[in-house]
Amino acid sequence: MQVQDLEKIFQEKVDQEIKIEPRDWMPEAYRKTNLRQISQHAHSEVVGMLPEGNWITRAPSLKRKAILIAKVQDEGGHGLYLYSAAETLGMSREQMIDDLLSGKAKYSSIFNYPTLSWADMGAIGWLVDGAAILNQVMLCRTSYGPYSRAMVRICKEESFHQRQGFEALLVLSRGTAEQKAMCQDAINRWWWPSLMMFGPKDSESTNSDQSIKWKIKRKTNDELRQSFVDMIAFQVKVLGMTLPDPHLKWNEERQHYDFGEINWDEFWSVVKGNGPCNKQRLAARRKAHEEGAWVREAAMAYAEKKAAREKQKAA
Amino acid sequence: MKIQIRKFHYGDIPEEKAGGQTSYYKSTEQSWPLWEVFIRSKQGLDHKHAGSLHAADARMAIENARDVYTRRQEGISIWVVESKNIHASDPSESESLYEPAADKIYRHPSFYDLPEEVKHM
Amino acid sequence: MSKLIDYTLHLADTALIISHRNSEWCAHGPILEQDIAITNLSLDQLGQARNFYQYAATLINQDNSSTVSEDSLAYLRGEREFKNLLLTELSNGDWAQTVLRQFFFSVYQYLLYEKLQHSNDEQLSAIAAKALKEITYHIKWSGEWVIRLGDGTAESNHRIQKAIEFLWEYTGEFFIAADYELIDVAQLKEPWLKKVKEIFEEATLELPYPVYMHTGGKQSVHTENLGFILAEMQTLQRTYPGLEW
Chain Z
1 MQVQDLEKIF QEKVDQEIKI EPRDWMPEAY RKTNLRQISQ HAHSEVVGML PEGNWITRAP
61 SLKRKAILIA KVQDEGGHGL YLYSAAETLG MSREQMIDDL LSGKAKYSSI FNYPTLSWAD
121 MGAIGWLVDG AAILNQVMLC RTSYGPYSRA MVRICKEESF HQRQGFEALL VLSRGTAEQK
181 AMCQDAINRW WWPSLMMFGP KDSESTNSDQ SIKWKIKRKT NDELRQSFVD MIAFQVKVLG
241 MTLPDPHLKW NEERQHYDFG EINWDEFWSV VKGNGPCNKQ RLAARRKAHE EGAWVREAAM
301 AYAEKKAARE KQKAA
Chain R
1 MKIQIRKFHY GDIPEEKAGG QTSYYKSTEQ SWPLWEVFIR SKQGLDHKHA GSLHAADARM
61 AIENARDVYT RRQEGISIWV VESKNIHASD PSESESLYEP AADKIYRHPS FYDLPEEVKH
121 M
Chain X
1 MSKLIDYTLH LADTALIISH RNSEWCAHGP ILEQDIAITN LSLDQLGQAR NFYQYAATLI
61 NQDNSSTVSE DSLAYLRGER EFKNLLLTEL SNGDWAQTVL RQFFFSVYQY LLYEKLQHSN
121 DEQLSAIAAK ALKEITYHIK WSGEWVIRLG DGTAESNHRI QKAIEFLWEY TGEFFIAADY
181 ELIDVAQLKE PWLKKVKEIF EEATLELPYP VYMHTGGKQS VHTENLGFIL AEMQTLQRTY
241 PGLEW
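Heads up: the sequence lines are chains Z, R and X, in that order.
Sequential numbering of the first sequence, starting at 1, is according to the working numbering.
Sequential numbering of the second sequence, starting at 1, is according to the working numbering.
Sequential numbering of the third sequence, starting at 1, is according to the working numbering.
What the hints contain is simulated information worked out from the structure, not anything from laboratory work.
Each hint should be verified, as a subset may be incorrect.
Computed cross-link-like contacts, PhoX-like style, restricted to lysine-lysine with a CA-CA straight-line distance of at most 20 Å [stated by the list, open to error]: (1) Z:Lys104 <-> Z:Lys32; (2) Z:Lys19 <-> R:Lys48; (3) Z:Lys156 <-> R:Lys104; (4) Z:Lys63 <-> X:Lys130; (5) Z:Lys272 <-> Z:Lys106; (6) Z:Lys156 <-> R:Lys42; (7) Z:Lys306 <-> X:Lys140; (8) Z:Lys272 <-> Z:Lys19.
Could you build all of it, start to finish, from the sequences and the hints given here?
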């Protein structure tokens, strides 16, 4: 069969909402785009453990400590599901991690911002996970089977993250003046970076069109960003807090909130590695990976020895 | 042993002199094999594919599966099989493999019309 | 009554501090699968600690009509009040030191809770019975790691030997009863040694020669580690007294 025919069949399948599975024929660019997106997603989960992990030993109550540990652990689990999905496209996890640690692969820039107070745990859950969920709910229907299945599992688990974040902020918002200030400060610092999570504007984004045609993505960056703003602009009122955007205003005609311009210089600067914590995040992952090398080797050596012994016994 | 060498926009300057972000990450280690995990969610149901993970041996694979895939009581029994031992049918043969079953409607109970009185059969 | 309170706090503090140490691995483990595994241990132990603290709080509150809570007990007592075993507060070191500490502790905790589940005190017995299921897995998990590292590579063997050397002198304290203890811990020593020996043999490791054993944790005389753990853990509760979080 000619490549054009294969491509035609492939596109027909996608159009009919038939999932693409690992052993199916797919255009090389489709494989690459998925691989890039899924591995970036996996890296984001794993690097995303760090800013919140930063507060595990300082969580202010035993209940909050348990919630936070479970949540950071979930993110590790999500990273693992996603690495597994990416591995079905023919790249080993080891290789993906090498790419992350060498700085070649990207992860979500949001995790390059520091967590400076306890309220940041709430703000991350509410805003960062809130933004992520919009993306992830869409991705449950993505065309690549393993990615879609991983996302279904993740979405099930993720729904507790945003709720616990909001609830943590709610407690602060009803607390003392100091706690309220802590809450507002966290929202102020995390709001704009959360909006940036949806990526460049549609007019600037290079990957969007093809991704939508292949149903890897189903909504554009701007569409998702708008739903996020609408959702949060409502919820922030329940907290009695404000969003740091003087241009935020309900637009009766559009039936959406208008909002101010994102600082795209900051966005690109963080993407390129100049965010407040880029170096620290990568350094932490490298340290864990390097210090774990002898552990992984030992387990493998033992497994081999044991297998050899059992073989000998059987012979 | 695989050694990857990457260049990061330093043109023809030899890597050791380029400085900056030359990758020093080399996967020299033999990484843990990949395992497929199947979980029985409750007594009476089939084991169902849950996902995959890495482990050094089968015992560790089961424990890792327990820690990774049953954090929310998703299972009561786990199977693991090393991914390399799974053999799969070829999708390009799916027409010859599966479509011939499509016209065998007589295999399905609804093919047979029975008188009303017989009710449940 | 005050003995029972002290004992419950000893059990609570021990579970909390080892949970805290294990939680430090979260996001820093040697591979994702094991990062998740050790975090599960940490969560189990935190759950145990909370059960004991809540029980201690009930006891204290009925005793003198004060109003302590699980959180005030965990966050507002100082290092000269905490009664955890010294072993649990030692730094994590490398993976060998962490899994070996876990193994030493889990075997002891299992033997102890096995007795405790038959205690006349219904609460303690119920908490112990529930925890035993978790601890059974902790022994399996940590024991297998000890075997892997002992019988793995030359490096892993060397590292676990060093860990044995470092940790061994903190195990004697397990078996010396404090005046508030309800279980005769001295009699746990033999079965503990037996299990350790069994795993060590499989791991091609040897039991160390008898050494001087440190004590004091049960009497709230700690190593220098605990002060730092508490300073970090209690920071918000100490900075903003009396708030809800």
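Okay, the hints, checked on the actual structure:
Taken as a hint, the Z:Lys104 and Z:Lys32 pair is honoured in the structure, with Cα atoms around 15 Å apart against an allowance of 20 Å. With a C-alpha separation of about 19 Å, the suggested pair Z:Lys19 and R:Lys48 falls inside the 20 Å cut-off, and the hint holds. Only pairs whose Cα atoms come within 20 Å are accepted, and Z:Lys156 paired with R:Lys104 is rejected, the gap being roughly 39 Å. The suggested pairing of Z:Lys63 with X:Lys130 holds, with an alpha-carbon distance near 19 Å, which does not exceed 20 Å.
Our distance criterion of 20 Å between C-alpha atoms is met by Z:Lys272 and Z:Lys106, whose separation comes to about 9 Å. Under the criterion of a C-alpha separation no larger than 20 Å, the hint pairing Z:Lys156 with R:Lys42 is consistent with the structure, at around 19 Å. Restraint check: the Cα-Cα separation between Z:Lys306 and X:Lys140 comes to about 17 Å, which is no more than 20 Å; the hinted pair holds. Restraint check: the Cα-Cα separation between Z:Lys272 and Z:Lys19 comes to about 34 Å, which exceeds 20 Å; the hinted pair is violated.
In this structure, the earlier hints numbered 3, 8 are contradicted, and the remaining ones agree with it.
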